[in-house]
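*Asks:* Please construct the entire structure, taking both the sequences and the accompanying hints into account.
Residue numbers (our numbering), protein chains in the order written: chain F, 1 to 273; chain U, 274 to 546.
FYI, nobody ran anything at the bench for these hints, they're computed from the structure. Take these hints with a grain of salt, some might be off.
[Stated by the list, open to error] Below 25 Å or equal to it, Euclidean Cα-Cα: the simulated DMTMM-like pairs (lysine to aspartate or glutamate) are: (1) F:K15 / F:E39; (2) U:K537 / F:D4; (3) U:K469 / U:D486; (4) F:K264 / U:E432; (5) U:K358 / U:E432; (6) F:K15 / F:D223.
Protein chains: 2
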Amino acid sequence: MTADGRLSLNQATVKRLGVPEAVALCARHGIGAIGLWREPVAELGLAAAAAAVRAAGLRVSSLCRGGFFTHADPAARAAAAADNKAAIAEAAALGAGTLVLVSGGLVPGSRDIALARRMIADAIGELVPVAQAHGVRLGIEALHPMFAADRCVITRLGEALDLAGQFPADAVGVVVDTYHVWWDAALAADIARAGKRIVSYQVCDWILPLPADPLLGRGHVGDGYIDFPPISAAVAAAGYAGDIEVEIFNEDVWAAPPDETAKKVRASFPLAF
Amino acid sequence: MTADGRLSLNQATVKRLGVPEAVALCARHGIGAIGLWREPVAELGLAAAAAAVRAAGLRVSSLCRGGFFTHADPAARAAAAADNKAAIAEAAALGAGTLVLVSGGLVPGSRDIALARRMIADAIGELVPVAQAHGVRLGIEALHPMFAADRCVITRLGEALDLAGQFPADAVGVVVDTYHVWWDAALAADIARAGKRIVSYQVCDWILPLPADPLLGRGHVGDGYIDFPPISAAVAAAGYAGDIEVEIFNEDVWAAPPDETAKKVRASFPLAF
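*Replies:* So this is what it looks like as structure tokens:
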């Protein structure tokens, strides 16, 4: 399979489309896989969403997302566990092999980052048997350190990998997202170390200036500062041969006509190799 | 010396003051040290600035800053080298033992982050004999990864330390700035490994939301998310016993009356321990 055949459109890139419209867009543009999000899946209904992707012959490269494990209140932690178990079942129903985890920021009311990290490890441990029972792998995603306080205290691929390594490889892996990890001097070494633990590879570019909401500062591949080819080569050398998602959170991209976005995604994808 | 006696006001915290006003502010508030910046020093004149701090009995904890070594044009690299040599001489004249280095982002026109890192190592190597001749130590500062593209490709304390370790310890050390490194799971280990290579410790807080200019999003100690006491304890255990700078880039802080800022800095400083 060429790299082009491994292109997956993460639904967040065309955030304003529902599942049927996003699926149709992929079909129209010859994109063979899609990364789904739970909210639009729920909006359509799980069974209908699963039927839509199957009818279109699309692979589901991942389901986004589980996580947000860090809560001071035990009841909130239990609710997060239940919600993540539901997400695993949804991933299985959709035929997604990977559930992406955004693990959570500091515990509200606490500055103890080690506490947040322990809470995440405990929560993932509880999900392992559920993931194994459903044949879904949990993908721990390291987020850029600018999100450490409020979204994810797991800030480097190496850290995600150390965490994943505490659990069986058939249940827990890591996500490599170029936007979050491109700056890391240890990236190549950590990708090599990750090997078969890589369960998702997502690409988008780092552009400047950062927008008012730093969550929405991502660019199309090639529009920014990231040197993709060495990263993609390292991911391939590590043994990852799955779909490669283009996931872009950006108000301008969302405002563009989806067919233009799909064309741009297809056209820029080869720049990642 | 108590921690309180080690408080240094980095001049950037009261950016609108010239050297004489900043020195007088420190004297008025019983702050025994100051971190100076080259631009206001040049505005007053080097000799006059040195005389002002000496007359007030202030220690000069550091001079900010050198660096910005990454240029595509050899002439620009040579100019940066010359400017950094001048900065070393200025630090010596001011009695500052440390020149803080912000090393530079990607080389303009290139996405090769390894190239930028090699260029920085080469540039620092050229400065080593000059630093030794002047009795000044170069402090490599790891900047937060959100500045990797445009300001500093050295993004972690461990990376700064690996770089510093290529050179003699009397010439090159590392700066620990809480704002830039607080999120790093390896921080405690890297501080311990740094030991006597730590040549500056700077504190300010991570606050949210990030402002439009992410350079200016720093908060007073205690106003944000950073858990200072374990970091300060690790820095002390590593053997650093020098001044501790409060360095806050923030438009609101700059707009406040300097005496109010100095009071707030003094009052919040104990929260860092």
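*Asks:* Go through the numbered hints given earlier and state which of them the structure violates, listing their numbers in rising order.
*Replies:* Hint check: 2, 3 and 4 fail, others pass.
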